[in-house]
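Fit chain B to the supplied structure of chain A, relying on the hints for placement.
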Amino acid sequence: MNNILNQVGIENYIFLSVILFCIGVFGVLYRRNAIIVFMSIEIMLNAVNLLFVAFSTYHQDAQGQVFVFFSMAVAAAEVAVGLAILVSIFRNMGTIDVGNLKNLKG
Amino acid sequence: MIQIPDIANATPIQILFCVLSVITLATAFLTIYSKNPIHSAIYLVICFFSIAGHYLLLNAQFLAIVHVIVYSGAIMILFLFTVMLMNLNKENEVHKPRVTRLGAIVMFCLMCLVLIAIFINSKPIVGEYVTTGEDYQSIKVLGKVLLNEYMVPFEFASVLLLVAMIGSVLLSKKEKLEK
Chain A
1 MNNILNQVGI ENYIFLSVIL FCIGVFGVLY RRNAIIVFMS IEIMLNAVNL
51 LFVAFSTYHQ DAQGQVFVFF SMAVAAAEVA VGLAILVSIF RNMGTIDVGN
101 LKNLKG
Chain B
107 MIQIPDIANA TPIQILFCVL SVITLATAFL TIYSKNPIHS AIYLVICFFS
157 IAGHYLLLNA QFLAIVHVIV YSGAIMILFL FTVMLMNLNK ENEVHKPRVT
207 RLGAIVMFCL MCLVLIAIFI NSKPIVGEYV TTGEDYQSIK VLGKVLLNEY
257 MVPFEFASVL LLVAMIGSVL LSKKEKLEK
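So the protein sequences, as listed, match chains A and B.
The first sequence begins at 1 in the working numbering and counts up one residue at a time.
The second sequence begins at 107 in the working numbering and counts up one residue at a time.
The shape of chain A in the complex, shown without the other chains (with noise of 0.2 Å):
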């Protein structure tokens, strides 16, 4: 069998990660629900991994792989502590609407 980026290409895989990054750098900007905010920036992680899986495949090299890796024990320790912190916010406020976080506002 051949190999997909013979048949696909890697322009589509660059493409498709950049529209997916833009999806979720619009959902940071368009929505105030702190959640989705944070599902956002899964989606931003998930497109870069994603091309980061198709350059490794592209070069034949392995460590693009390994530092995919990385970035899902990194993404998986950030989701835990944040959303400790959402937590810990909504306790304090009763919300967690980004919009009413303006305790620190001069």
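No wet-lab data here; the hints were simulated from the structure.
All values derive from a computational prediction rather than experimental measurement.
Short derived list, chain A residues pointing at chain B, Cβ under 8 Å: (1) Ile14; (2) Ile23; (3) Val25; (4) Gly27; (5) Leu29; (6) Asn33; (7) Ile36; (8) Met39; (9) Glu42; (10) Thr57; (11) Val74; (12) Ala77; (13) Val79; (14) Ala80; (15) Leu86.
For glycine and all other residues, C-beta sits at the position ideal for the given N, C-alpha and C.
What follows is chain B alone, placed relative to chain A:
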């Protein structure tokens, strides 16, 4: 330039790639668009599964399995539990002002346009893709690279996970009232 693929002569892998991409983009958009956070979480699970499908298409089986376990398993359970803990499954979110939302949409379009234009116009050196037949992404090779060249970062990742675990337990613990 982008080559327009001819639909009539598309190979099964190209069709699979198109279907997976459409699923990925549509569910990613619906994650952001749907008002109920639980629906968002479900759409995000579908999005992650389709990305695992992309990894399988690229012949990275190990990463596909890890992706399903970590993202669709652990992270989504965390999200769902948090949403249910906060009892947010009401659709009472106040929207941002119209100017901000319009700005977000304009920003999205501009960013897509600029990034895609950059990637088209920079004419990256995309040579003809050749396979040497060398094994570079089986679990055997990945394990060797991970534990030989990336030994220290690997150990630091475990420290990072430990710190994250302790930190999230401490953060979400109820504070005792001072007496």
